[in-house]
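**Student:** What follows is each chain in one-letter form.
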Amino acid sequence: MNSSKVSGPAVRIENLDKYYGTFHALRKVNLSVERGERIVVCGPSGSGKSTMIRCINRLEEHNGGRITVLGTELDDDVANIDGIRREVGMVFQHFNLFPHMTVLDNCMIAPMIVRKLPRAEAEATARRYLEKVRIPEQAMKFPGQLSGGQQQRVAIARALCMQPQIMLFDEPTSALDPEMISEVLDVMVTLAADGMTMICVTHEMGFARRVADRVVFMDGGEIVEEAPPEEFFTSCRNERTRQFLSQVLGH
Amino acid sequence: MVSLLRNQKVRNALLQVLYVGLLAALVLAGVVIARRNLAEQGITSGFDFLYKSTGWDVNFSLLPATANDPYWWFFLIGIINTLFLGTVGLMLATLVGTIVGLARTSSNELARLLGRTYVDIFRNIPLILQVFFWYAIITHLPTPRAAHEAWGMLLTSRGLYVPVPNVGGIAFAAAILAVISAIALPLWLGRTSRLSQPFGERLGIQLAAAATALATAAVILALGRLPDGPMLDFPTLRGLNLQGGLRIPPEFSALAIAIAIYGGSYIAEIVRGGFKAVGKGQMEAALSLGLSPWRVFTLVRLPLALRAMLPILANQYVWLMKATTMGIAVGFTDFFMIVALTINHSGQTLEVIGILMAGFLAINLSLAAIFNRINKAIALKGNQLRG
Amino acid sequence: MEMVVVAPPAPGKIEDLKRRFFATPLQALLSLISLAVMAFIAWKLLNWAVFSAVFTTSGGPEACQAAAGACWSVIAARWRIILFGLYPFDEQWRSALACVTVVVMTVLSCLPAFWTGRRIALVWGAGTALYYVLMKGGVLGLPQVGEEAWGGLALTLFIFVTTCLIGFPLAICLALLRRSELPWISRTTALIIDGVRSLPLISILFTFAIVLPFALPQWLVGDKLYRVILGSALFFSAYQAEIVRGGMQGVPAGQEEAAMALGMSYWQRIGRILLPQAMRNALPATINQFVISFKETSLVVIVGFFEILASGNAAYGTGEWRFAYVEVYAFIAFIYFVFVFSLSRYGAFLERRMSVGER
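Chains as they are written, first to last, in the numbering used here: chain A, 424 to 674; chain B, 14 to 400; chain C, 79 to 437.
Simulated from the structure, these hints should not be mistaken for laboratory data. Here the structure is a predicted model, which means the values were calculated and not measured. Be aware that one or more of the hints could be misleading.
What follows is a set of in silico ranges between Cβ atoms, one per label pair, in the way DEER data are often shown [stated by the list, open to error]:
no.: 1; chain 1: B; residue 1: Ser170; chain 2: C; residue 2: Leu200; range: 48 to 56 Å
no.: 2; chain 1: C; residue 1: Gly273; chain 2: A; residue 2: Asp600; range: 46 to 54 Å
no.: 3; chain 1: B; residue 1: Ser170; chain 2: C; residue 2: Ala191; range: 51 to 59 Å
no.: 4; chain 1: C; residue 1: Pro330; chain 2: A; residue 2: Asp636; range: 43 to 51 Å
The C-beta atom is built at its ideal place from N, Cα and C for all residues, glycine as well.
So here's chain A without its partners, still in its complex pose (with noise of 0.2 Å):
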């Protein structure tokens, strides 16, 4: 997959259906987010905004619509879901970090076994990542030594490891102490500003009007909503938009 090279938006999501049971989770969404773009997701618990980043590497299939990522779309062709899988990288609520494995080892597996990277280069790469999140000394402990915080960041390096061209957050600061989650930020900014195409769900307003290029609030399953940061806080037109910033921000 030479996705890298083939023209045309990072993620492109038509008509997205999904349905746990009879549950009607994604009402025909639709998005397209470019190379480089960086899109905060926002929204009331269950309306389908995780739901909508975990279709994107297929922790979750879709039941309707198209989805494609880099070009390639997202079907049944197992080749096809192992392609965009080592393309997109995924950070996680509860960080889900591999207990059993110190830090270096969580961030070299995946390169290792996936990406057949020989061991001494998983390492320095590594070992750059964990630079670049800031905690290259912890390397060597296991993931339940670390605070949350450290724990998260870990989980950061370990999704750039694999090198992708897309991240996606799914609320990476919610299960974080106050104290912690401006370490995970700040991360997150840094990545921003290198250029990185990511996708965040997070109720991080703060956030989502330093690094955003767009944000979009999605209820009931929809995209109710989707605009620049400074038009979004400041002139949004619809009623549910302004009710649920009006309770993220009203305090």
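Keeping the supplied structure of chain A fixed, place chains B and C upon it in accordance with the hints.
**Tutor:** Then chains B and C, alone, in the frame of chain A:
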């Protein structure tokens, strides 16, 4: 074609078809080969053999049995023997287990040590070795002529002879039912919500019910008494042989003792676990209400511990039922031994294996059903925080 | 590590005993009863097993039978048959060495240093191969000894080890199949597992030993020993599969999602992420299953193998030592006890250590 194989849905469907198909083909091939092999030996498949007489006898049966009886009758005898041995073993094991388990949870260090030693020794020696051991012990007892006597019972190498009431079979069974209801009735009365009387009155009603049931049992026994002979038939020595009384064959006693001791060690651990599961808070709450230690035990600790034990105990009982298959090691005609003998004599291998599986499935399912009912009946109502 | 405990002023020994055992009348009664029971059993047992026992073979069976206590001479006279069965006398050192191999193998697998899939497989594979070469011979100048001559403790250990060696990978396969997302695969596997679990082991051994040859083509029938081992492995795997599945359920779903998101394939996710964590969760229950399985190995006596129980029966069963059955059974019980007790103690130790480690 290649791209079709890369399709996840196609792949999944193919995998399932392959897996189920392969297993089905294996089983089918086995059955076909077996039928051909058996046909070569002149054995026709089908269940007709069930109505033929066996031509061999069983050494233990609660129902009348002769070599002329058909196979289906023998299967029934086998199932009843298994259930009987299982039930006796299960009750004895529960008794042993409760005593040892209580010793293990007692506040007395010496009693705990005693309980622990028991569990450590008997849990770690295979059941079948214990069966062999007790069987050897019993068959090496003195011959009937030199029998040990104790409380009217005779211990001999041919078995244990115990006195029996001299009554007809049906009356005896009815009396046993009455005795069981003497225990069950008060328990049931204690549980029904209609009885909202104060504790003392309720106890009176329960005692009356038990007494009535016991009296019924006595009347049934008196009425069903056989005309000749005394009320209790004691075993006695006549010449070289023993007469009278009920003979419990060595096979049965060896199995029952071994299951009681081995199973008891497991049940003791379950009992201990059950008591450990009762939260300290509940006990403290009960004590702070001013209840006496005995009342705390019977009203709070025991009922809660029982609820914690029951699911694990159910598994253990299922296991004990299956352990009766060790009967074949000493020649006790349980269900499995009847199955093995039938295969030997009739050659109807496939059908009999089917009956074996069906029999154990039925036993397992009915035990599971019984325990589910009990579990539902005593489960704590509603959701509550457990401490 | 050194612990410094500042004790309260030590009460006298007598007061201490009084407080521990005779605090209330009920306690005193319980203590006295327990003490009496223990003293009685201990005295009887010691008297039988040590003080009045005969240990040498010099007097022959007659002197032994006349003694009031245990007749350990039967063990001295017949230990070879109990441990090695009918294995050729001159070659019995091989049988002994094979038993040692199994013990070493078991001890090695208890060391955390060997707790990676590859190392444990290596230890068990090499150990079993060594055992087989020692017992069977036919190479390296060792005379060949057929399986029909294997017996006693050596055979018991062989059946146990091969049961685990075949049963364990099978259990992992069954567990993976049962948790498969494909409904037909998981349902069929559940049927197999629950079916095997509802049957007693003896009936499965019997089916494999005696019934299976009818249902197999001639060239597949093979030796009865290996059929019985397969049956026993199947039984083991049905139980162990549920233990492994329990361990897998203890691994959060996020672990597999993270692995998927990193692009790992199914087998990479299973081998690198799921199984290492699942096996750790399942370790105490697994050791318990090994203990149960070792005890159940004794059941093969029923389908006619000359393992330790049968060889024990033979050791006293004929002629001059007929009276000495208790001693023989006590000896075999002791052997089982040593194996089973130490393994289950180790399991309990691990369980404690792991529950502490989680905090």
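**Student:** Are the hints correct? Go through all of them and say.
**Tutor:** Here's how the hints hold up against the structure:
1. Take serine 170 of chain B and leucine 200 of chain C: their Cβ atoms lie about 53 Å apart, and the range 48 to 56 Å holds.
2. The beta-carbon spacing between glycine 273 of chain C and aspartate 600 of chain A, approximately 50 Å, falls within the hinted interval of 46 to 54 Å.
3. For the hinted restraint 51 to 59 Å between serine 170 of chain B and alanine 191 of chain C, the CB-CB distance of approximately 55 Å keeps it satisfied.
4. Hint check: proline 330 of chain C to aspartate 636 of chain A, Cβ distance near 33 Å, so the stated range 43 to 51 Å is violated.
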